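Peer 1: Taken in sequence, the protein lines are chains A and B.
Here my numbering is used: the first residue of the first sequence is 1, the next is one more, and so on.
Here my numbering is used: the first residue of the second sequence is 1, the next is one more, and so on.
Simulated from the structure, these hints should not be mistaken for lab results.
Please note that the accuracy of each hint is not assured.
Intra- or inter-copy, both count: the list cannot distinguish identical chains.
Unchecked claim - List of simulated lysine to any residue pairs, SDA-like, C-alpha gap at most 25 Å:
{"id": "1", "residue 1": "Lys-407", "residue 2": "Ser-392"}
{"id": "2", "residue 1": "Lys-152", "residue 2": "Lys-244"}
{"id": "3", "residue 1": "Lys-92", "residue 2": "Glu-80"}
{"id": "4", "residue 1": "Lys-251", "residue 2": "Gly-55"}
Please read these numbers as outputs of a predicted model, since none were measured by experiment.
Protein chains: 2
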Amino acid sequence: MKKRHKFEIMNKLKYAAILFLFLGLIYGFEDRNNPVSTPEDSLVIRNIYSEALVGTESYENLMYLCKVIGGRLTGSKNAENGVNYVFDLLKKMNIDNVYKQDLMVRNWVRGEKEIAYAFTDEIGRIGFNVCALGTSVGTGENGISGSLIEVKSFDELKILGRENIEGKIVFFNRAADERGISTGYGYGSSVDQRVIGAIEGARYGAIGVVVRSATVSHDNFPHTGVMHYNDSLTKIPAVGISTKEADELDKQLSLFKNLKFYFRTTCRQNPDVPSNNVIGEIKGSEHPEEIILVGGHLDSWDLGEGAHDDGTGVIQGIEVLRLYQKLGIKPKHTIRFAAFMDEEIDQAGGRKYAELTKNEKHIAAIESDGGGFVPFGFSMDGTPEQVEKLKSFQKDFEPYFLFYFRKGGGGVDISFLKKAGIPLIGLVVDSQRYFDYHHSGNDVFENVNRREMQLGSAAMASLIFLIDKYGL
Amino acid sequence: MKKRHKFEIMNKLKYAAILFLFLGLIYGFEDRNNPVSTPEDSLVIRNIYSEALVGTESYENLMYLCKVIGGRLTGSKNAENGVNYVFDLLKKMNIDNVYKQDLMVRNWVRGEKEIAYAFTDEIGRIGFNVCALGTSVGTGENGISGSLIEVKSFDELKILGRENIEGKIVFFNRAADERGISTGYGYGSSVDQRVIGAIEGARYGAIGVVVRSATVSHDNFPHTGVMHYNDSLTKIPAVGISTKEADELDKQLSLFKNLKFYFRTTCRQNPDVPSNNVIGEIKGSEHPEEIILVGGHLDSWDLGEGAHDDGTGVIQGIEVLRLYQKLGIKPKHTIRFAAFMDEEIDQAGGRKYAELTKNEKHIAAIESDGGGFVPFGFSMDGTPEQVEKLKSFQKDFEPYFLFYFRKGGGGVDISFLKKAGIPLIGLVVDSQRYFDYHHSGNDVFENVNRREMQLGSAAMASLIFLIDKYGL
């Protein structure tokens, strides 16, 4: 009996030792209760995180927004459904004030599924999966075809000149630079081809452009996104192609110099339509006239479900309000959530919202538009003093693995508040997977992890709690 | 013409402004060139990261390890194939020294796909997807069935006593605590049910146990993992059930008090078999006799492909060697990679490796066994002076978003080196998704992001570079 007892203790100790070593790796050994502003603050933040991590409502809301409503292209029926869904959701929460802001938006429609193939008499057709770029003109019913000319820069176009480009289709195939640590670096290194490729092609008489997707991912999803025209040049149709298919097209072109390309898009610009921002707020107990804003954009591209871009931002903002309600936190200032319309095309929602600053005082504006990934911290577009104040909150967040509190961007929708002198804050999240999904058919609910999204909700709710208490 | 020119500039400026605002969010505005040990060090680290982020070999190697070889259960043919694959891979790299360490391992086999269902005369059968827990005895060909008794703690078992448990099947259904920021906290809060549930059940005469998976994820994957027996008690069969199915079983039990459960497992323990660690190294130019070790474990559970646990750790270690070769970095000390066998069951590989410390000097040992996720930093099990030295490297890593340099765990395989006084270092990565995959059929190649894995490879290669140059 004694031997058995000893055996069991040894067995448990052995198990405990291995588990401890394993958890040591995952979790660290030490006490991570860093000093915080006050022990009470620490407790509130701990409760915010606990409730966010246990709560499932917001993830279910995201599922509805993605799976039942779907992609919410500005001006579309889906976008309108999104507005009504968010409005109803806020109404049901019984918060102090829920309303819509009216605005007008563009109404670009994709039309039928795009068709594209490369071809020569010799090899016949090789199909490619392309997508019209956002706001592109269509090709007309019959599509367009022409010789394909591949370039990696606008300078190359200039060197080739009109004599080599006129009547052809330009294939912009500069790959995103993968060496940046943030994937936004790679996006920034290649997205000019999408945005002004059709202008640069038209300048030399091209009849259309095919653009490699602006992403560091290697995948089969064509990524869309907004493009621009120059009214003094011909508006030529533009399509995006996935990075893997761009590599394939490049390979076929190197094999068959006489390769031609055909594509057909029926996208078009319909007349502008009315749309809305949606706003909901919890009134402040001491300074209801002073506002701390949190938001994301409700519109998205249409190929996917607008999950990471920016369904999660919208849902996280709503979750901030829910966390306040559920935990009974009474803010001194008004906490306002805004779902912005039309971030992707003309930012009509952000511009419209900024009109409110004529009559209202905002203490801070926070946006989540980097996807529902694990948060690293916050970046701020504000005065040096405000940035220092933000940095002083870092110690409260270190137990939650947030270490990045720096000067930086806020977000596109809230950027229009800058001229009113409002400090703008962006939730900074891990960016590694963002451009796997961004603007593509891969931006779907399944690719959002509940905990990652909720850590962002908790981080923003906690920051708002500190700003409400200590100012900025 | 002038007007057109002005328009174009305005158009470009507008686009540039929006892009800048967006990238500001993703990337931050400021210069992140923090001071580093020396400008040359900074450049080497930058080159390591660039090469890692551009390189695709290691991701292809992981695909082979996962898709062609598959899950590598200790003692299995797959594990042997994994040993040969890693050995051949290292040999092809033409590094200085490649060899295997011989060892003996257990040979537990799962047998046929498990069968399980709940049933009453009234409602018939409701199927459940269960998996035998690692090293469990089987039920025999006919399976076992009995009344089901649900508990959430061992104390409940004690209170119920033998009179309520004998002849029944115990259903351990304590959920993982989701409130921890690291998911290892939730794992640690529930995994005791898996590890010693069969011992505690047998103590009161249970004939088998069904164990809720130790994970914070809500999914349909049963998670396996090692379990223990007590030789002085009956060895009863144990199976795992997914968190969602555990909730369903709980619900059925609340509806039908007379619910019984049946399961059949044909897993068994075969005689021990020979196996191997695999080792490869680049000899040091000044102190070849002093070793910096980096490694992960080659064995895995069999339900998935051992992708995050710990295919990525193995592939990252090999990638460290490739980065040194490709960039022509000549280490002063020997950089050694080890693929450890049998981490999951008896840690025979880690124990065997530790025998080398009798005749060899190790400067440091680094393990990656938290999955191929975005790295946060390093934790160290070492002297306070060594931890301080590690922390002094933090500034070199901040441009790469690594901020976590603290005392903490190293890793299970290298833990056996502790008694030789070797500082143990663990790569600390984001843990949010780890237990979505851990020990389940969901631990597959598709769930590893190339860039996330490679940021870990680069972090370890960079740390090794600094340790090689500045010591610990």
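Peer 1: Each hint needs a verdict: does it hold in this structure or not?
Peer 2: Hints, one by one, checked against the model:
In this assembly of identical chains, Lys-407 and Ser-392 lie within 25 Å of each other by CA distance both inside one copy and across copies; the values are 13 Å within and 24 Å between. When the C-alpha separation of Lys-152 and Lys-244 is checked against a cutoff of 25 Å, the pair qualifies only within one copy, where the shortest distance is 16 Å, while the shortest distance between copies is 50 Å. Proximity of Lys-92 to Glu-80 under the C-alpha cut-off of 25 Å is restricted to the intra-copy arrangement: shortest distance 18 Å within a copy versus 59 Å between copies. Proximity of Lys-251 and Gly-55 under a CA criterion of 25 Å is satisfied inter-copy only: 20 Å between copies versus 49 Å inside one chain copy.
Consistency with the previously given hints is maintained throughout, with no hint failing.
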